[in-house]
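Undergrad: Sequence:
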Amino acid sequence: MKAAGIIAIVLGLGVGGVWLASGMHLATQTEKLVETRTTDEFGDEVVDRKWEKTFELGLDFAGPGGGGLVGLGGVLLFLARRRRKAA
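Residue numbering for the sequence shown follows this note's numbering, starting at 312 and increasing by one per position.
Warning: the hint list may mix true and false statements.
Pairwise CB distance ranges (calculated) [said to hold, decoys possible]:
1. L383 / V345: 17 to 25 angstroms
2. M335 / R394: 36 to 44 angstroms
3. G325 / T347: 29 to 37 angstroms
4. E342 / G382: 49 to 57 angstroms
5. G382 / L337: 40 to 48 angstroms
6. A391 / V329: 22 to 30 angstroms
To be clear, the hints were calculated from the coordinates, so they are not data collected in a lab.
No residue lacks a Cβ here, since even glycine has one placed at the ideal position from N, Cα and C.
Start from the sequences and build out the full structure, keeping to the hints where you can.
TA: In structure tokens form, the structure reads like this:
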């Protein structure tokens with residue numbers, strides 16, 4: 312039970328690390344606005360905006376997932392310690 316608790320805590324911290332590495336967005340982004348600037352034949356700058364599909368993990372998924380794993384790991388470590396003291 313102690314090993315499972317440690318694994319759950321490490322996985323929860325890993326989810327938080329992925330969230331940090333992917334840009335720390337509050338909400339999961341499924342589309343991203345991409346702007347391309349070109350110059351037309353008259354010398355004017357033209358901006359072309361397109362929405363492209365993407366997935367950037369947000370805190371709305373990473374927070375509950377990582378927090379749940381860390382909480383589960385803490386409970387498992389607490390129960391393992393309690394069982395060890397009772398024996």
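Undergrad: Just tell me: holds or violated, for the beta carbon distance of G325 and T347 against 29 to 37 angstroms?
TA: Once the Cβ atoms are compared, 36 angstroms apart, the range 29 to 37 angstroms for T347 and G325 holds.
Undergrad: Between M335 and R394, does the C-beta distance stay in 36 to 44 angstroms?
TA: Given about 38 angstroms between the Cβ atoms, the range holds.
Undergrad: Is it true that G382 and L337 lie within 40 to 48 angstroms of each other by Cβ?
TA: Distance hint for G382, L337 is violated at roughly 21 angstroms.
Undergrad: Against the range 49 to 57 angstroms, how does the distance between the Cβ atoms of E342 and G382 compare: consistent or not?
TA: Cβ of E342 to Cβ of G382: about 32 angstroms, so the range 49 to 57 angstroms is violated.
Undergrad: Could you tell me whether the CB distance from A391 to V329 stays inside 22 to 30 angstroms?
TA: holds, 27 angstroms
Undergrad: Hint says 17 to 25 angstroms; check whether the CB-CB distance for L383 and V345 agrees.
TA: At roughly 39 angstroms between Cβ atoms, V345 and L383 fall outside 17 to 25 angstroms, so the hint is violated.
The structure shown violates the earlier hints numbered 1, 4, 5.
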